[in-house]
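Enquirer: What follows is each chain in one-letter form.
Protein chains: 2
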Amino acid sequence: MAVNGKSAVEQLGELRRSIDNIDAALVHILAERFRCTQAVGVLKATHGLPPSDPGREQVQIERLRRLADDANLDPDFAEKFLNFIIQEVIRHHEAIAASDVAGEGRHSAS
Amino acid sequence: MAVNGKSAVEQLGELRRSIDNIDAALVHILAERFRCTQAVGVLKATHGLPPSDPGREQVQIERLRRLADDANLDPDFAEKFLNFIIQEVIRHHEAIAASDVAGEGRHSAS
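Residue numbers (the numbering used here), protein chains in the order written: chain A, 1 to 110; chain B, 111 to 220.
Per the computed footprint, the stretches of chain A lying under chain B, defined by three or more beta-carbons under 8 Å from a beta-carbon of chain B, are:
no., region
1, 18-30
2, 64-75
3, 82-94
Keep in mind the hints are simulated off the structure, nothing from the lab.
For every residue, glycine included, the Cβ atom is placed at its ideal position computed from N, Cα and C.
All chains, full assembly: derive it from the sequences and hints.
Expert: Here it is in structure tokens:
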């Protein structure tokens, strides 16, 4: 984010280049998160653990809200964001458990 | 993600520690993204530009799908994720434009 003494169009271009870089980072970090949750899904399916874990999710939500607040990010948005990801993860955990091919699938899990 | 020769509970703990680190990174990167989009929102409001830009969004979606594919992340999920964020951003751009206090507000914009 570097904006100083430039026209509106130039400033918009600068900001969009930062946003594009940030989005590339987000995609790669999300890919790594799903590698972890894929492994969690396989573990859970192998050991017959339930796909969802409300206690763990509550702890995650409270922690993320605190981190968001420190980073000046709306905690409600951070919570919505985590729920959005967890829903995807649960969907994939259920697919792993149902298909019984714990080790396949592009990504998954909490 | 480091899992080798450990009990299921230990492996789950390891994976969850990685997930927690990744989530902290995501929160901070999202906070920076919203700082950028907040600045975009102020620019747009100041210059009377529309909050949404379908052409730009299409380019962002296609790029993110390619990046996701390279990172072995489901491109459909990447697209859904970007739309989730853009919806939040548009909501905040509209709020900036409506309130006419372009410079306030916790976060916003595309």
